[in-house]
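Student: Spelled out, the chains give:
Protein chains: 4
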Amino acid sequence: MVKVLILGQGYVASTFVAGLEKLRKGEIEPYGVPLARELPIDFKDIKIVGSYDVDRAKIGKKLSEVVKQYWNDVDSLTSDPEIRKGVHLGSVRNLPIEAEGLEDSMTLKEAVDTLVKEWTELDPDVIVNTCTTEAFIPFGNKEDLLKAIENNDKERLTATQVYAYAAALYANKRGGAAFVNVIPTFIANDPAFVELAKENSLVVFGDDGATGATPFTADVLSHLAQRNRYVKDVAQFNIGGNMDFLALTDDGKNKSKEFTKSSIVKDILGYDAPHYIKPTGYLEPLGDKKFIAIHIEYVSFNGATDELMINGRINDSPALGGLLVDLVRLGKIALDRKEFGTVYPVNAFYMKNPGPAEEKNIPRIIAYEKMRIWAGLKPKWL
Amino acid sequence: MVKVLILGQGYVASTFVAGLEKLRKGEIEPYGVPLARELPIDFKDIKIVGSYDVDRAKIGKKLSEVVKQYWNDVDSLTSDPEIRKGVHLGSVRNLPIEAEGLEDSMTLKEAVDTLVKEWTELDPDVIVNTCTTEAFIPFGNKEDLLKAIENNDKERLTATQVYAYAAALYANKRGGAAFVNVIPTFIANDPAFVELAKENSLVVFGDDGATGATPFTADVLSHLAQRNRYVKDVAQFNIGGNMDFLALTDDGKNKSKEFTKSSIVKDILGYDAPHYIKPTGYLEPLGDKKFIAIHIEYVSFNGATDELMINGRINDSPALGGLLVDLVRLGKIALDRKEFGTVYPVNAFYMKNPGPAEEKNIPRIIAYEKMRIWAGLKPKWL
Amino acid sequence: MVKVLILGQGYVASTFVAGLEKLRKGEIEPYGVPLARELPIDFKDIKIVGSYDVDRAKIGKKLSEVVKQYWNDVDSLTSDPEIRKGVHLGSVRNLPIEAEGLEDSMTLKEAVDTLVKEWTELDPDVIVNTCTTEAFIPFGNKEDLLKAIENNDKERLTATQVYAYAAALYANKRGGAAFVNVIPTFIANDPAFVELAKENSLVVFGDDGATGATPFTADVLSHLAQRNRYVKDVAQFNIGGNMDFLALTDDGKNKSKEFTKSSIVKDILGYDAPHYIKPTGYLEPLGDKKFIAIHIEYVSFNGATDELMINGRINDSPALGGLLVDLVRLGKIALDRKEFGTVYPVNAFYMKNPGPAEEKNIPRIIAYEKMRIWAGLKPKWL
Amino acid sequence: MVKVLILGQGYVASTFVAGLEKLRKGEIEPYGVPLARELPIDFKDIKIVGSYDVDRAKIGKKLSEVVKQYWNDVDSLTSDPEIRKGVHLGSVRNLPIEAEGLEDSMTLKEAVDTLVKEWTELDPDVIVNTCTTEAFIPFGNKEDLLKAIENNDKERLTATQVYAYAAALYANKRGGAAFVNVIPTFIANDPAFVELAKENSLVVFGDDGATGATPFTADVLSHLAQRNRYVKDVAQFNIGGNMDFLALTDDGKNKSKEFTKSSIVKDILGYDAPHYIKPTGYLEPLGDKKFIAIHIEYVSFNGATDELMINGRINDSPALGGLLVDLVRLGKIALDRKEFGTVYPVNAFYMKNPGPAEEKNIPRIIAYEKMRIWAGLKPKWL
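Residue numbers (this note's numbering), protein chains in the order written: chain A, 490 to 871; chain B, 490 to 871; chain C, 490 to 871; chain D, 490 to 871.
Some clues are possibly wrong.
Since the list gives no way to pick one copy over another, a pair counts as held whenever it fits inside one copy or between any two copies.
Unchecked claim - The list that follows gives simulated cross-link-like pairs (lysine-lysine, DSS-like), each with its CA atoms no further than 27 Å apart:
1) 514 <-> 755
2) 636 <-> 511
3) 827 <-> 867
4) 755 <-> 867
5) 721 <-> 557
6) 721 <-> 767
7) 721 <-> 514
8) 551 <-> 721
9) 869 <-> 721
10) 550 <-> 492
11) 536 <-> 687
12) 721 <-> 511
In short, the hints are calculated from the structure, not lab data.
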């Protein structure tokens, strides 16, 4: 059994819940779930024990009501908690959402205490953070983080940073928990949080779930790198119509995303080929199915120049939702093994920007095999 | 030092020679050569000792004259043998070439004897087969092969099969040699030839050099497989304007190619997703730079269907030419180690249809690491 | 009121019937119908009075039952005739269909008499031919056509040719009718049929409905031609999973299609740029939504070479079904005006290979304006 | 004879000069020049009489020296004036250029007087403005424009606006001239300048030369519009590595471009389909050959949704350079006919944002035919 608590009940989390319910009922195949039925934990053993949001229109509703806004083929949920109020700290500032957070009526310290208290009741093993993309500054050291909480510094802290801090306190109190961060904010990449996690019996996976064009580009670059082709330039565009793309029209948030996307180039190629890799635009009718365009130019043998042009239509939320089905189970496994701090073999496959900070991106197929080995499974091709 | 003999002095072999000369002179970087400067054998230590063709317009010319027809930036060659007459056996039947082969004036057995005699003089370590694509039937067992040679059965045998047979006799006589087959005809995949190779101290690499859309498609399918996405269908088109695409307008030759291209789908995915993967057409103005188009549809989490559309402009001959720079050096290494028969770790990375017959395609990135280990190099990411 | 009779109740005709019914009921907008509500004939005034097929599984069924196999959102039809038995003449030979035709039990002359007799009862204004693509040889002169019918030459004649001949006799008897041929068989391009049509008060529109990649390629080439860019080469691939793509795996049928597709290059550019434009493959899971890939290289100013790569996912049957909503109305208008023979201004916009034989393809936007003028409408941009 | 003066001797103008020289010498075909040899003015009769720039590294150099920086296959020029100093007014502020303008040492009024005086000596018929893209505000009425010049308002005016003003004074003095504006700044679309042109015997063509993805998108949209397909959304990305793309990383300049690009959607479709059409990014290694990606979704008949994905590699400067060969000749023709003010039939084909302000974009093929008629040529397909 894995008890899961969700932070940010948007498109991704709702797709996770909807798909999980259908998996439980045997209505769909586990496509898009990398480890499918290979793990010792069955889909039926994943239970949603709580969910938080900051959208006034969601808070207080049953989880099933919110999920139905995204997937109207979901009638009822095996476990159907009420959406509770989280913290926002300006993370939804450019979105058409009326936001309401614990911090509106109390200090951050009090908000953290409230969260820890509620979580202790709900007793999750794994806390999943699927907030909207934030503009953030990493802390680097634990002291600055603690000071910011102490000083109630609402300008300095993001929702994710507060949640991760609360998760550490909760883990300490409970004797262990896992925090899965699939948004760009540095948690597994911030030494402050990794240290905090180690000290407080928290497992941290992160950062930024590896979906969409970026891991694909990484694999294409690996393909070129292993043939020693010299990449002249890489351009990658994305455009979509969901709330996350709308969020990214905010410059600060866009920067957060650009960073995690761009790091793959140097990590994989070994040199920083000129590139333009950014979340690019919002176009409402595209909905959750984004359009991606990638252009790569490279030099082959004897000075020849080749070109690749890749287009895709990719459902954004299902891609990440499927990974979550693995991540919550792997979180429980790490927790049972007491691998506190962050777990690179998991991050390397599932995250765009795998923590800890000193580690790099490696080709996903290699990462996949290493992750399988970590998870106690036989490698597939190695 | 690696002494190399070429069979089929067309676009690929001429690009190999041209690029190698520029590498020797330090005029280009070794892009497109996967192992670049990592192997213990320097580019300067590769020497072309002989070259064969069946085009009347090439036989008797200096190698440099023929190379210049393809790459006019090559002025002179460090080693510049004369093109000798090989065997054709109808392999150029649909091409605008006036063909002339040893078998026009003697039996196949006599032709083989002639080749072995000449090769013994030229003393190559590695024989590279870059003939045009042939329509062929594998032998399966050695006896039928020997009988076909004995019976002078010109309908049954292809040029490549005769060359590989001659290579075995040559290796036996010399005490070791390597035969690198980068065209689709089964050599490393034909148990008849693998057995023959083992018995006669011949190393065989093959079959069909892994360039172009197919290894790329393989890596894209690996990318999907490792995320457990269900591939609904795969379409892959190629069109080019070089002699190889012209050759493929012949139905029998096309079938040879279709086989090696299609095998990747089941090998990588584990199920035979519906696919249309064929060499498709000839369009003269495209020249050696082919156009490829790939379309893949797959099911992601929660029943979502995604699509990828990949286009490329890829220089055909340089892609294979660059691999040859590695393959002749690896051939020498295998020869020195006396690994007679075929060498799967090399084939798995460098060949579209890696022999022996019982082995399968694996993701190229995995194959790359295994090949490195075989070659005595450190894996890059493993 | 336009009374319509259908020949070949497959995907296209069923989409036409389904969409028309929804238009009648106001359930959909007339998207994909070029002249939408601009013509004096309302959608409600189009009545399906008869339908023919040669699939044993369809003959004798209600039209609605057959339509439902393709579009299960159609419950009932305003007009719901029974499917009658037509002629096949080997047109479905490579398809998984158990075929049954009038000619199986009578001579072609008797079959024609039967059709004319039935049609006279059903009294259609417009007969629409949506048979599967056939391998055919045009007649060129009327005498040979009449002789083939007389001689019961089932090898020489195709279903479409027999239908068109019957339509002429029917028109003669009735004092006027229209025959709309949206498949590649030459009718409007065969002087034999155009002469026959003129003599018998038949309007003929044809040949091969202008849908899919070909008219799009035509407009792209017009775009280049008007800027005097020199087209070096054009490649166009199509792959789909409907019955028409399966039919095209037959070589003879493929040739019919290739002809009408390729003619656009010279017609639009004024020179025959090297091209590879063919229906390419069948891939069942793609269904009715084909994948197209187009590659065009051209020379711009000062010797620069540019490239376009165009991919599309296009619903095949709706594209043609929408055109039929116009064509049956325009057929009635031509009939009322007694414009017997063929009508180039209609063909030039709606057909891939606009008849009569001596006429050429012109840019579609120009053809559109000329067609509007012919139809009595104001040009849109002229 | 057409005497031409250039404002902004960058990539476009240098390609124009280089290509023109090769045309004069018969070294290239007039590809990319829409009217090629159809106009009564021969390529040899176009003479470059002057050229201006604001790059300190160019001022004072011979035109041939500057052209050679872009096209080193140009050895000498038939007419080789020295580059003179123009005005910049901050137009190159975000570019790696050391700028120097007349206005650095005098008032704008004095600068204008200087230009008019110099031009009167050089005596051009046609002045071509190929400055870098500027951030601008249209004037709307002549009075505000005159006041801004009078007040030496360097913040309010752009280089193009000052040049166009000077052109009007020059035309007045000379009794006629033409000003061709191929950058986005409103001149033909600014009533202030159109009025000024009419009063001072100036022909104005503009604005923003119709090259690249935008006119192509316009023709694709026309293709859909004429079939009454409903466009759901349009995304269009551009990325390039020339100075113009670098200029567009400046937000204000980007906005100028976005406006002219986006106007086509509503003009062609008749409704404002959701779209994201922007110059997108700068990626240095792409050089002058930009990468474009277009995605269009539309509804076809019976509710079917189709998709187009278009990629291109397009040489930026040659596309515009080729149009200039026509525009300077058409400018002379308009001048000879005394069609002062702006000429919509020319603008509608050659400009992204055809003036005057009250006119709209129409499909280019229609515009092409109307332009031919205006130019005294037979329409090609009408």
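Student: Give a verdict on every hint.
Tutor: Consistency of the hints with the structure:
With identical chains, the CA atoms of residue 514 and residue 755 are never at most 27 Å apart, being 43 Å at best within one copy and 30 Å at best between copies. Taking CA atoms no more than 27 Å apart as the test, residue 636 paired with residue 511 passes in neither setting, with 44 Å inside one copy and 62 Å between copies. Taking the shortest alpha-carbon separations for residue 827 and residue 867, only the intra-copy value of 22 Å comes in at or below 27 Å, while the best inter-copy value is 32 Å. For a Cα distance limit of 27 Å, the shortest separation of residue 755 from residue 867 across copies, 20 Å, qualifies, whereas the shortest one inside one copy, 30 Å, does not.
Within a single copy, residue 721 and residue 557 get their C-alpha atoms only as close as 46 Å, which misses the 27 Å cut-off; across copies the closest is 25 Å, which meets it. Proximity of residue 721 and residue 767 under a CA criterion of 27 Å is satisfied in both settings, with 18 Å inside one chain copy and 24 Å between copies. For the identical chains of this complex, residue 721 and residue 514 are inter-copy neighbours only, at 23 Å across copies versus 49 Å inside a copy, given an alpha-carbon limit of 27 Å. Taking CA atoms no more than 27 Å apart as the test, residue 551 paired with residue 721 passes in neither setting, with 52 Å inside one copy and 34 Å between copies.
Taking CA atoms no more than 27 Å apart as the test, residue 869 paired with residue 721 passes between copies only; the shortest distance there is 21 Å, against 33 Å inside one copy. Taking identical chains as interchangeable, the C-alpha atoms of residue 550 and residue 492 lie at most 27 Å apart only when both belong to the same chain, with a minimum of 20 Å there against 56 Å between chains. Within a single copy, residue 536 and residue 687 get their C-alpha atoms as close as 26 Å, which meets the 27 Å cut-off; across copies the closest is 59 Å, which misses it. Proximity of residue 721 and residue 511 under a CA criterion of 27 Å is satisfied inter-copy only: 21 Å between copies versus 45 Å inside one chain copy.
The structure is inconsistent with the numbered hints 1, 2 and 8, although it conforms to all the rest.
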